[in-house]
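K.L.:
For reference, the chains in residue letters:
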Amino acid sequence: MNQPKENAGLSMKDYNHNNLCTWCDGCGNYGILTAIKRALIELELAPHQVLICFDVGCHGNMSDTLVGYRFHGLHGRVISLAAGAALANPDVPVIAFGGDGACFSEGVGHLVHAVRSNYNMTFILHNNANYGLTTGQASALTPHGEKMNTAPHGTVEELLNSMDFVFSLNPSFVARGTSGNIKQLTDIIKAGINHQGFSYIDVLQACPTYNKFATHEYLLGKCYEVETSDFETARKAAVDTSEKIATGVLYQDKTRSTFLDQLEARKGIDTRLVDEVRKVDVSALLAKFS
Amino acid sequence: MNQPKENAGLSMKDYNHNNLCTWCDGCGNYGILTAIKRALIELELAPHQVLICFDVGCHGNMSDTLVGYRFHGLHGRVISLAAGAALANPDVPVIAFGGDGACFSEGVGHLVHAVRSNYNMTFILHNNANYGLTTGQASALTPHGEKMNTAPHGTVEELLNSMDFVFSLNPSFVARGTSGNIKQLTDIIKAGINHQGFSYIDVLQACPTYNKFATHEYLLGKCYEVETSDFETARKAAVDTSEKIATGVLYQDKTRSTFLDQLEARKGIDTRLVDEVRKVDVSALLAKFS
Amino acid sequence: MSRISIKIVGAQGQGVNSVGEMCAKGLKRAGYCVFGEREYMSVIMNGHSSYQLEISNEKVRSAQEKSDVLVTFNHHGIKNNLRDLIEGGVLLHQTPQWKFGEEDQKFIDANSIKVIYLPTEEILKKLNAKPVLGNVLITSVVWSLIGRSSDELKEMVRERFGHKKDLLELNFKCIDEGTQLIEIEKLVLPEPDDCWKSQLLITGSQAMGLGAIHAGCRALFGYPMTPASPLLTFLADIQGESKMLVKQAEDEITAVQMMVGAMHAGTRAMTATSGGGYDLMTETISLCGISETPAVIVLAQRPGPGTGLPTWTAQGDLLMAVSAGHGEFPRVVMSVSDAEDSFSLMMDAFNYAEEFQIPVTVLTEKQIAESLFTIDALQVRGDRLQVRRGRLVDGDGLKLLRASDRYDPDAPDGVSARWLPGSDAPTYCAQSYEHNADGSFDESGENATAQMEKRMKKMKGLKRVLPEPELWKVNSEKLIVNSDFSGEIDVLVVSWGSNKNVILDSINDESVAYLHYTYLWPLKTEKLVELAAKAKKTVLVEGNAQGQLGMLIKQECGLEFDERVLKFDGRVSVPLQLIS
Amino acid sequence: MSRISIKIVGAQGQGVNSVGEMCAKGLKRAGYCVFGEREYMSVIMNGHSSYQLEISNEKVRSAQEKSDVLVTFNHHGIKNNLRDLIEGGVLLHQTPQWKFGEEDQKFIDANSIKVIYLPTEEILKKLNAKPVLGNVLITSVVWSLIGRSSDELKEMVRERFGHKKDLLELNFKCIDEGTQLIEIEKLVLPEPDDCWKSQLLITGSQAMGLGAIHAGCRALFGYPMTPASPLLTFLADIQGESKMLVKQAEDEITAVQMMVGAMHAGTRAMTATSGGGYDLMTETISLCGISETPAVIVLAQRPGPGTGLPTWTAQGDLLMAVSAGHGEFPRVVMSVSDAEDSFSLMMDAFNYAEEFQIPVTVLTEKQIAESLFTIDALQVRGDRLQVRRGRLVDGDGLKLLRASDRYDPDAPDGVSARWLPGSDAPTYCAQSYEHNADGSFDESGENATAQMEKRMKKMKGLKRVLPEPELWKVNSEKLIVNSDFSGEIDVLVVSWGSNKNVILDSINDESVAYLHYTYLWPLKTEKLVELAAKAKKTVLVEGNAQGQLGMLIKQECGLEFDERVLKFDGRVSVPLQLIS
Ligand SMILES: Cc1ncc(C[n+]2csc(CCOP(=O)(O)OP(=O)(O)O)c2C)c(N)n1
Ligand SMILES: Cc1ncc(C[n+]2csc(CCOP(=O)(O)OP(=O)(O)O)c2C)c(N)n1
Ligand code: SF4
Ligand code: SF4
Ligand SMILES: [Mg+2]
Ligand SMILES: [Mg+2]
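Sequence lines, in order, name chains A, B, C and D. Take the first sequence: its position 274, counted from the start at 1, is 274 in my numbering, and no numbers get skipped. If you want my numbering, it's the position in the second sequence, counting the first as 1, plus 290. If you want my numbering, it's the position in the third sequence, counting the first as 1, plus 580. If you want my numbering, it's the position in the fourth sequence, counting the first as 1, plus 1160.
Check the hints yourself; a few may be wrong.
Computed from the model, here is a short list of chain D residues facing chain C with C-beta under 8 Å [unchecked claim]: (1) 1161; (2) 1162; (3) 1436; (4) 1451; (5) 1465; (6) 1467; (7) 1484; (8) 1485; (9) 1543; (10) 1705; (11) 1714; (12) 1726; (13) 1730.
If you're looking for bench data, these hints aren't it; they were derived computationally from the structure. Even for Gly, the Cβ is constructed at its ideal location relative to N, Cα and C.
Sequences and hints are given; from them, build the entire structure.
P.N.:
This is how it looks when you write it as structure tokens:
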């Protein structure tokens, strides 16, 4: 990564969009936005070399705030959308941003199966433990008992431990960052993009407007950084957040093959699906029908 | 349960339906069918006192083979359908049958959130590790690399460990049985129905037609019975199936409140939602609008 | 009609709604009919938002294009909305040292706009009050501007903060400051009319929520989605009083499935969503078609496709509601138009759902869901509405049942007996596969035909019992619903949903009649054809690009309209000149 | 037309299909046009199933109601299907000591049915062969019954088992046994015609799969659902040769989203499902409407609503395909009718999807997906079909682009430039919210109107370029597609989808003309109106209860049909007498 590439000399302004930013003051999304821009610049990826997919939610409004090929899709579906693009053209790194409502409630199935399928893409969870855009309802990642919009007496569902959940799916890359630590988050995102396989990045995101239980300050106080370790150790560190919250790249398996690499039919093929669109002669396939 | 109730004297014939059974010879569904009938009889529940919900799949065809109030709904949706019914009328025990395709692929989100929500109902998974009805495709519970319909070169997705997954959701009742051990399965189902909360029952089901990797004989050889134990012990026993497969009621938390019991608005109310359908005077609620 | 209009604008979160609602309440209590319209952007903060109040001593149901007073929280409002003022209008702003641009100053001069600067920050500082009190301050300025006494305002504030004495005093001080501040000519409001005092000031969502409770609905399963969310939030907020079960499910499929499960078990339950969520529910709606399970789904429209314009209004989902869901099955699609029928039609929705054992989609729109209406409280309390559950069998009736009664293909109108799980009676299977009379599998062609015919027969029964569209006409100087369809008509306007409000507000003589469709599927067109035949001109008004009701009408009876007024920009007001 | 019909029946899993397919292949190679129709129940085992072969030396596309030969694997077949035989028909059964009931015996006598008992079990025992060889045995009996030489059969068996010598010998023994067994009058087949030998024997699903490959489709994202599954399985099976990416996703929403992601990235991808799965995809289809992403969705119809009759056929999802998905957006709905156009129309589907940047739904039916057609191999190899990608910009064109070209509201026909992620060009946002020209948020009313108009303009462009419906008429004794719409017409039959096959097979003189709709939305009705005006009688034929195409036609042009033949029992054959 120290060799200047053809895109060297990228700076924040290459990624800045002049649309208005509409997040609340103090919103953690600002930090995540900065981190992703920095990560891409440091990876020397120009805006036209990446595809960034967004779910619908406050986080999704990021689609308006940076330059790059973007797809702002539907609520809850960003992972599958991004996976399809990543399979079609592995030469363009695909990054998917989603909210906790989007990816642990509406679309949790996509997450489950993307981890299992190990598509080569990076997924960044804006974990603000609530539905920001629809004004503060509980998600599966909201602590039990919190009083939220539509749950004025407090939620009665159990909190879903996102780390235990993801680790149960045998992931190839798991990381956690916070919106308040931009430097660390930048490094995490870079590692995620560099990882060959599905990179799960859980970002604890401050939402001063609706999340009063895990504030910026609270998170800063509780988080500590760990080194990547083996599966069991990493899982243990990730799951237990009662005292402290482990952050950094928690686990990475560099030996696992991605979905595409495992496909028998695509082995030994250099072209990408996007290069192969042309009229194909099917004569050879007709033999069995005559 | 030893006191004869008004329904005492129930026998298999009360639950037998005279429709034709269409499962393959040797199908594990026969065993599960017997176990559920036995369990209901031993619980002294007459057919009109229960609501049995079915997903779509081979297992779902059970809807035709027994008597009782039944709802045979859509593929992948049985858990939510059943939960709605269970909330509306807690006096009628609700049992939901689903397949591994239905409940770990198409509708995995419903399972995730039903466990978290701890609805008072019993869910029985017909885990034949494939899509039987659609002729043998892989589900999330099919081992990696198996050659299946639509995956002639073997699946490339990771196997989902159903037990690790469910335990990550902090369940209140987890059991595992096999279609080959009807007696044990009967007891498990009874315990599940008696449990107050969401009972997850994972039944390893033989499917001689499409599942050649976990046959009836294989399962009989590998399974052993364990006693209910604490969360961590139970989880460990449940998750690791490399040597042997733990069966029985693996974990039960009798202290956890169900969804309905936790609802502030419904506390201290004796009637059921199904009893409350009448024209309601809203005058008192109008004050704030005048 | 004599009316005035006040528009409050600012960034989201600045207090626009709070000021609007306070003014509205005070005015209604003072004897005015108030209509309040909210516009805002689909972002949490900084988006531009507005709250427009229409005030009259007569019935008012819509907002005019221009306002008499513009209250703005920030300079964006000055720039964006200055031209929303009528000649002689008042601009009340709070931006210190604001300098108007050349064009704006020209406009102000040409239109004799009165500009008032309210030094909110200064005053609050002086009173040592928190920024949130700015809302009361502004409200009091508006209050004095329209010549109302500050006591009325104080009364309202007391109601709200009565128990917090300190806060109350500070509020009063703000009110006094605000009232004394302005030294200009007051606006002349029409004479108040006591008839409005006893009425309710309520949004469409709130009215719909109360209507559901009134109709015996005991559970709401939902998932947040604008503009259905206000209904969800409202019913959640009052669950302590209503004792309703309110569940925010993990997604729309779950919500609709839980609703269906609860309905099947025998309670009344509903779900609510917007277009994208409705798409996800359609498979389950189709399930209800074949299992003959009653279902009520509220579809709150916003502009699509895709995520579209989440906080704006539209009528673009009619054809979807009529045709979505695979296969063919009977259903009702109906639409509310204001807070009044948002309340009363919920009873109808549940009744038709249970009587015909079908899914019923109730359309609403952002414009109805989030607007504030003044409605007759007595209507709400009246006993016109009754719970009807159709062929639901219980008690002694259970003894006579056979399992095969459940889906008896010979049942009159296709509606067979239904009884609930737990009933001491023969059991059946509610079946999503094609089935025979007791719900068992049956793949024979004869059975498939018989069961499909049984189900589709319900459409005929429905057509018989569904009310006709409403004909609104001026009769003896009053605009009323006519049960008599005879008489001359110059212009026949046809529409549905919230358009009713704009259209009725614009009719002022006998030449224009308005035919309002509440029941959109199955569609009754007999009366329409009759009326159209004698009208000199027929005009279709819709909030979509294709003229969807027009398409259904053409399909049903071949009628084509002379003119179509279609608007699909997320805004409500139909240019009235186009109608007449 | 001179044709004979052989029906093979038995329980699922007994080998019905295998015998049917073997016979079909042999007959086609012998110089016959063969049509094969499968009927089976939606259970894995024990369900009754059948495979009916129609054999002729002329083009044959459908199955008759009655058969010349009935081959049955079990006694259910004897009981259920005896009455499917024509007078003088042959019943070949394998049930030892079967005693006919009184009624059945009467029928046999009255209709001079020849009953042949085949002691399969005995013979297999004698040969020491496994039960599966019963299929070859039965096939060889049928073979000799229709007077074909056993060598032909042996040749086919050799092709299949060539490398397994033992098995081959045992197969040959079975064939010899079977051929010698029967001592009855042979059936007289029409003279074979060499023209059929070079043709292909293929199902609609296989043809569609090959059509997709031919069209440059590089990825299939699917989820099993009858009758879309055969397409999925077929493409999965040949992925080693096609090098296509075939992904069985975890559900239909995933499948359609992955397809859209892949299309956006720039490949050609598709998904396939049936009605219930399509419901789940509709939100994403709406997304494609606003993000202007090309999409191809195959909707394989079966009877609904709900789970319905999974293994039977229907045409009940047309209105859904036209109207589902919230909001308003342009789209194409088209339908295949047989294996030939299942192949060729995939190119059209992808071309329209890319040229207009819209979702395209390709309807098929169980009857097409799983039936065996004899089609012209040359058609398949022809170069009539070309890949057209519309305004997809690459190469030097990229240099001229501005981000705001992506959704330029002034683009001709509403189709603006599209370029792919990764291209060295200004970047844009593919946006599900309403957006301005470069995909940024824009909530203004003017923009909403402009963008909606831009998108809906595509419908006009589409109407211009989509082909007219096809007019089939007998001309100089041949039934062909007429490009000339003039000339007399007595009866004008209008339909779509698989009905074409039954209808064409029933037309035998110049009095009846058939207008076949391939493109169903947007709907072109000019030609129809013209033809209907001069026809003495117009007849609509559909496989649904409402007459859905008829509804669309009425909506579009006001035309009503003199007669409607609607069938919705899961079966295909339209009683021919009703048409003429
Ligand atoms: C199908 C569908 N359902 C619901 C919505 C409404 N909706 C938009 S964003 C959102 C929740 C956002 O929560 P989260 O994903 O946590 O994102 P955040 O706003 O917190 O960043 C919801 C429910 C939608 N757009 N589409
Ligand atoms: C929405 C939808 N998608 C797909 C199907 C087709 N389908 C029916 S059963 C089934 C899979 C069944 O697998 P599983 O749930 O494991 O049940 P099993 O047959 O193995 O008992 C599928 C894909 C359907 N009915 N509905
Ligand atoms: S609501 Fe929360 S997540 Fe949304 S913009 Fe405001 S602070 Fe950020
Ligand atoms: S396919 Fe498998 S699950 Fe289905 S009936 Fe046969 S053995 Fe049972
Ligand atoms: Mg969130
Ligand atoms: Mg299964």
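K.L.:
Now tell me, hint by hint, if it's right for this structure.
P.N.:
For each hint, the structure was consulted:
1. Proximity of residue 1161 of chain D to chain C is violated relative to the hint, the smallest CB-CB distance being about 25 Å (cut-off 8 Å).
2. For residue 1162 of chain D, the shortest C-beta to C-beta distance to chain C is roughly 28 Å, which exceeds 8 Å, and the interface hint is violated.
3. Given the 8 Å rule on beta carbons, the hint for residue 1436 of chain D holds: about 5 Å separates it from the nearest Cβ of chain C.
4. A distance limit of 8 Å between C-beta atoms decides the matter here; for residue 1451 of chain D the minimum to chain C is near 6 Å, and the interface restraint holds.
5. Using the Cβ-Cβ criterion of 8 Å, the hint placing residue 1465 of chain D at the interface with chain C is satisfied: the shortest such distance is roughly 3 Å.
6. With its C-beta approaching chain C no nearer than about 4 Å, residue 1467 of chain D sits inside the 8 Å limit, and its interface hint holds.
7. Look at residue 1484 of chain D: its Cβ gets to within about 4 Å of chain C, closer than 8 Å, so that hint holds up.
8. Satisfaction of the interface hint for residue 1485 of chain D is found here, the shortest Cβ-Cβ separation to chain C being roughly 6 Å, below the 8 Å cut-off.
9. For residue 1543 of chain D, the interface hint is violated, since its Cβ never comes within 8 Å of a Cβ in chain C; the closest pair sits about 37 Å apart.
10. Checking residue 1705 of chain D against chain C: minimum C-beta separation of about 5 Å stays under 8 Å; hint holds.
11. At about 5 Å, the closest approach between the beta carbon of residue 1714 of chain D and any beta carbon in chain C falls short of 8 Å, and the interface hint on this residue holds.
12. Below 8 Å, beta-carbon pairs count as interface contacts, and residue 1726 of chain D has none with chain C, the closest being about 10 Å; its hint is therefore violated.
13. Given hint, residue 1730 of chain D at the interface with chain C, holds; its Cβ is 5 Å from that chain's nearest Cβ, closer than 8 Å.
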